[in-house]
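For reference, the chains in residue letters:
There are 2 protein chains.
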Amino acid sequence: MPSYRLAVVTHNAAPPDELTFWSFVDYAVHKAERELPSVNAEAMRMVLTLNRATSMVVYDLESSVHRPRGWTWPGFRVLFALWLAGPMEAKTTAQISGMSRAALSALLNTLERDGLLSRERATHDRRALQLSLTEAGYGAILGVFRAHNRRESAWAEALEPEERRELVRLLNKLMAGSTDAQAKFRN
Amino acid sequence: MPSYRLAVVTHNAAPPDELTFWSFVDYAVHKAERELPSVNAEAMRMVLTLNRATSMVVYDLESSVHRPRGWTWPGFRVLFALWLAGPMEAKTTAQISGMSRAALSALLNTLERDGLLSRERATHDRRALQLSLTEAGYGAILGVFRAHNRRESAWAEALEPEERRELVRLLNKLMAGSTDAQAKFRN
DNA sequence: TCAGATTCATCAAACATTTGATCATTTGGG
DNA sequence: CCCAAATGATCAAATGTTTGATGAATCTGA
Numbered sequence: 000m001p002s003y004r005l006a007v008v009t010h011n012a013a014p015p016d017e018l019t020f021w022s023f024v025d026y027a028v029h030k031a032e033r034e035l036p037s038v039n040a041e042a043m044r045m046v047l048t049l050n051r052a053t054s055m056v057v058y059d060l061e062s063s064v065h066r067p068r069g070w071t072w073p074g075f076r077v078l079f080a081l082w083l084a085g086p087m088e089a090k091t092t093a094q095i096s097g098m099s100r101a102a103l104s105a106l107l108n109t110l111e112r113d114g115l116l117s118r119e120r121a122t123h124d125r126r127a128l129q130l131s132l133t134e135a136g137y138g139a140i141l142g143v144f145r146a147h148n149r150r151e152s153a154w155a156e157a158l159e160p161e162e163r164r165e166l167v168r169l170l171n172k173l174m175a176g177s178t179d180a181q182a183k184f185r186n
Numbered sequence: 000m001p002s003y004r005l006a007v008v009t010h011n012a013a014p015p016d017e018l019t020f021w022s023f024v025d026y027a028v029h030k031a032e033r034e035l036p037s038v039n040a041e042a043m044r045m046v047l048t049l050n051r052a053t054s055m056v057v058y059d060l061e062s063s064v065h066r067p068r069g070w071t072w073p074g075f076r077v078l079f080a081l082w083l084a085g086p087m088e089a090k091t092t093a094q095i096s097g098m099s100r101a102a103l104s105a106l107l108n109t110l111e112r113d114g115l116l117s118r119e120r121a122t123h124d125r126r127a128l129q130l131s132l133t134e135a136g137y138g139a140i141l142g143v144f145r146a147h148n149r150r151e152s153a154w155a156e157a158l159e160p161e162e163r164r165e166l167v168r169l170l171n172k173l174m175a176g177s178t179d180a181q182a183k184f185r186n
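So the protein sequences, as listed, match chains A and B.
Under numbering that gives the first Met the number 0, the residues of the first sequence are numbered 0 to 186, in order.
Under numbering that gives the first Met the number 0, the residues of the second sequence are numbered 0 to 186, in order.
Be aware that one or more of the hints could be misleading.
Which copy is meant is left open, because identical chains are indistinguishable; a pair holds if it fits in one copy or across any two.
[As the list claims (entries may be wrong)] With a straight-line Cα cutoff of 20 Å, these simulated SDA-like cross-link-like pairs (lysine to any residue) come out: (1) Lys90 with Ser131; (2) Lys30 with Glu161; (3) Lys172 with His123; (4) Lys172 with Leu18; (5) Lys183 with Ser62; (6) Lys30 with Ala127; (7) Lys30 with Tyr137; (8) Lys30 with Thr122; (9) Lys172 with Ala101; (10) Lys172 with Ala42; (11) Lys183 with Glu34; (12) Lys30 with Gly138; (13) Lys172 with Pro160; (14) Lys90 with Ala146; (15) Lys90 with Arg126; (16) Lys90 with Gly74.
The set of hints was computed from the structure by calculation and includes no laboratory data.
For clarity, every value in this text was computed on a predicted model and none was experimentally measured.
Hey, can you work out the whole structure from these sequences and the hints?
Spelled out as structure tokens, the structure:
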């Protein structure tokens, strides 16, 4: 795997013999600039890099932590939210775990079948659904999160503490700017 | 939507009345620290924030650019790779667009059916598959990418030019560090 | 009060993804 | 030369996602 420095300074005209997941960003940005002079190359590089980095982190976490334990990434997100925020309405769970209500509905079928959480009708509104972790779900999320956080720690070591804070600051600023960008949000 | 500053300074003990996709990061980090004193909170915050930001950007691009045109995010990634790197073996396409060979195989069925690309057996190795854009595929990716890049530009404006460069540098450093972290990669 | 609008959840169909199995082709060692 | 091992692609089954439709419960306003 090339270092990140290499990936930023290459300017090949032809597709490099070995185009990898990492080096493709730099190649793509330069190629796009030539094909479409009007392209916003810096925006393209930012979004492409953001996606590559996240996808590497998620792939690692999912394949080294969650799948081996019979969990999926979305399932983890739901159980994680319930663990930290406590029993709540399904609508809230969907919002904070970043999925549509329909997707959650489908996901709940497997999580409930596996005995990790329970679905109940809310008393104050019989349309609504109240979700809560079962005992088994609570024990499971504890163990899985510990392993998850160990992998997170390994990733975090790539950056200096000050760099981690700066990365978080920039990502938060990016999210905050989404309103100006009139970005589409779920629901 | 709360500003990113707000999200970083709240320290509520109970779940806030309105827990959103954005504010959940801060809430979750503090809660996890109390529940599990051994947690690496900074690593947790970094990975959580990275995922939230990326998921917001992807959701916006997919729902405002790709789905309305009858495309999907993974389909776009494949056509984008073929557009920029030219005809190539399916194995390479899978690598640079970040998916497993099996996932690409399934995806190719719809892309081929929609007349956007063609699958051919490679001459030098009759096991291998050669992929190339059709005329229709070429025209389509041009238009879709233009719209895609316009949305990317809107997102990029949230940051100052220097901040964008720093964000890209930090993400690249994170990816480069994945070898030290012994992260799992595809294939 | 009650009928229409809204909200919540689920379903249906199409699509994409994962892991593991299978089949065809190619490679490499004896 | 030939057979075992490796490689490339696809398939199968399970899971999760999207949009749009449907049904049930609640709210709103005349």
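Hint numbers not upheld by this structure, sorted from lowest to highest | When the structure is compared with the hints, numbers 2, 3, 6, 8, 9, 11, 14 turn out to be violated.
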